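There are 2 protein chains.
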Amino acid sequence: MIRAAARRLDGHVRRTPLLNSTFVDKIAGRRVLMKAEALQHTGSFKFRGGWSAVSALLPEAKEAGVIAFSSGNHAQGVALAARMHGAAAVIIMPSNAPKLKVENTRALGAEVILYDRDTENREEIGQKLSKLRGLTLIRPYDEPEVIAGQGTCGLEIAEQAIAMGVTLADVLVCCGGGGLTSGIALALEADAPKMRVRPVEPTDFDDVTRSLATGKPQINARLGGSICDAIITPTPGALTFPIMQRLCGNGIVVPEKDCLRAMSVAFTRFKVVLEPGGAIALAAALYHGDQLSGEDVICIASGGNVDAEMFARALAEYPCT
Amino acid sequence: MIRAAARRLDGHVRRTPLLNSTFVDKIAGRRVLMKAEALQHTGSFKFRGGWSAVSALLPEAKEAGVIAFSSGNHAQGVALAARMHGAAAVIIMPSNAPKLKVENTRALGAEVILYDRDTENREEIGQKLSKLRGLTLIRPYDEPEVIAGQGTCGLEIAEQAIAMGVTLADVLVCCGGGGLTSGIALALEADAPKMRVRPVEPTDFDDVTRSLATGKPQINARLGGSICDAIITPTPGALTFPIMQRLCGNGIVVPEKDCLRAMSVAFTRFKVVLEPGGAIALAAALYHGDQLSGEDVICIASGGNVDAEMFARALAEYPCT
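Protein chains in written order, with the numbering used here: chain A, 11 to 331; chain B, 11 to 331.
The shape of chain A in the complex, shown without the other chains (with noise of 0.2 Å):
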């Protein structure tokens, strides 16, 4: 299916740089690759998993529309592909998502209905509508095409590490519902079984790192309350979580104030924006090598869609010189 939606995507989708700097390796203490995908369409990897789904899609199901739920990259990353389509969209938001995630939404040409992220179930919404209209639901990532989408960044990162000399590493992949890390895990397994995936998550909401630790689903205290905004999810997916079992090491837990050090580090020394979720694999490579073993890493930045105050921020708390 990976394979399948990268024939789908193929002239569609960016193959984002693999980027190196000799400074970043400094702070590490080994050799760091960082897979760029806060450059790829609508500012997220969301865009791929969004194509796949899309285009997978029969004709009566594309000409009735889409409707997904997202804190703002899922949704973007749907729009543009349904638009680029021909399909409607229906986006479902939590009210205080990032206001340049909402806007951009809109002017993707979804239509937007937000909820409250600490009292709505955004998945009971989307059922309900999707069966009202008739849109077929696109889940952000308990959904095969979605996970075969994401999986296509697992393709392009072993052809170019591979292409670099690299085939033993460990692969850092912010985690929140596990489209991502599950995807790129199958795709690894087939092209580069040498290397290992590690989901990275924010402290308080680590429920992946738990649930791989106790071989148990466990949940979140809190939904909502983190700058990682992208990467917050309840649990584990039902079809990602076996996935991640089966594949991945240990998690990694790493503070939010790491994620904002690891932007400013992108910032000077890659010249690519990341939010805080994008730059939580970064972090993890950066802050908390302890945990990592081999001399290269490879880490996924995921997206960059940051208001500039955000941005601003962490260049100014933590400068990167």
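Be careful, since some hints might not be right.
Remember, identical chains collapse to one label, so a pair may be satisfied in a single copy or spanning two.
Unchecked claim - Taking lysine-lysine and the DSBU-like style, the derived pairs with C-alpha atoms no more than 35 Å apart in a straight line are:
#1 Lys267 x Lys109
#2 Lys36 x Lys204
#3 Lys72 x Lys36
#4 Lys72 x Lys141
#5 Lys72 x Lys138
#6 Lys204 x Lys109
#7 Lys36 x Lys226
#8 Lys267 x Lys72
By construction, these hints were calculated from the structure, which means they are not laboratory data.
Here the structure is a predicted model, which means the values were calculated and not measured.
Starting from the known structure of chain A, fit chain B onto it as the hints suggest.
Okay, now just chain B, sitting in the frame of chain A:
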């Protein structure tokens, strides 16, 4: 020479992406493709020319080492290229160059010598030291192998744009001494002859625009005091000017504030960090479209070596929503 440089650069230079965004197209009123050279090694296209020049040296010259003068981007490009070739590098930099550029150049192993931009002549200092220590002087633009290296960016643009269906376009290039401008113009003459290079310069530092208009090299009244530090040179190069005369369209002059606005747009829409001089071609595409013709425009985002304070200022003063 450009194709020979491309062969020497292969595997060492980054093939930077040609990015687009429907949001940016909307501001510009036409399709905009941005060549993100800020993502190049050392954060600017200058690595191309540096590598080209150092890799073309005879073994004895490589062993003796190289010398360069630069406000910062050529400095880093030459310093990294020299280090990767095991050659020593001395770099002459203006004392008021951005802190980050001076520090990076030192960290890349070069010996940095500072001079006063307003009262001293860097060309003289460079030639004197070159003789004294037996170092090969690598000029920032009036150097055939440097022009050839910068030209490799043009070969990539032709290939990438044609793959995206664009064959006819104005190609906006930030212009200091004209190394990048003339290199790209030569490459496009061969590989995309319907694309026309347009030099872009900041107000008050428009020597190339005036030189092209009058047919004779003009000199800027001021030598410093611009936020576009990377592209401030007194007059067009002796080698580059005839090439620009033969191949380029009219120059475009852009006020500094438009560079800050374009930096903010690149942050929000491309997730790419640009310095003021590196954003000037995008600024011309966005805010000076009346001087362009045709449906498509390509602009070179040449560098991203900017201090956090300047970047935060651009985001705060010119929010992009």
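Notebook entry, point to check: With identical chains treated as interchangeable, where does the CA-CA distance between Lys36 and Lys204 reach 35 Å or less: within a copy, between copies, both, or neither?
Noted result: within (24 Å within a copy, 45 Å between copies)
Margin query: Regarding Lys72 and Lys141, is the shortest C-alpha distance of 35 Å or less found within a copy, between copies, in both, or in neither?
Written below: within (15 Å within a copy, 71 Å between copies)
Margin query: Regarding Lys267 and Lys109, is the shortest C-alpha distance of 35 Å or less found within a copy, between copies, in both, or in neither?
Written below: both (22 Å within a copy, 25 Å between copies)
Next item on the list: Have a look at Lys72 and Lys138 and pick one of within, between, both or neither, based on CA distance no larger than 35 Å.
Entry: within (19 Å within a copy, 70 Å between copies)
Check: For the identical chains here, do Lys204 and Lys109 meet the 35 Å Cα criterion within one copy, between copies, both, or neither?
Finding: neither (41 Å within a copy, 41 Å between copies)
Next item on the list: Measure nothing new, just compare the shortest in-copy and cross-copy C-alpha distances for Lys267 and Lys72 to 35 Å and report within, between, both or neither.
Entry: neither (42 Å within a copy, 45 Å between copies)
Checklist line | Within, between, both or neither, where Lys36 and Lys226 count as close if Cα-Cα is 35 Å or less | finding: neither (38 Å within a copy, 49 Å between copies)
Notebook entry, point to check: Using 35 Å as the alpha-carbon threshold, which applies to Lys72 and Lys36: within, between, both, or neither?
Noted result: between (49 Å within a copy, 26 Å between copies)
Going down the numbered hints, you'll see the structure goes against 6, 7, 8, while the others check out.
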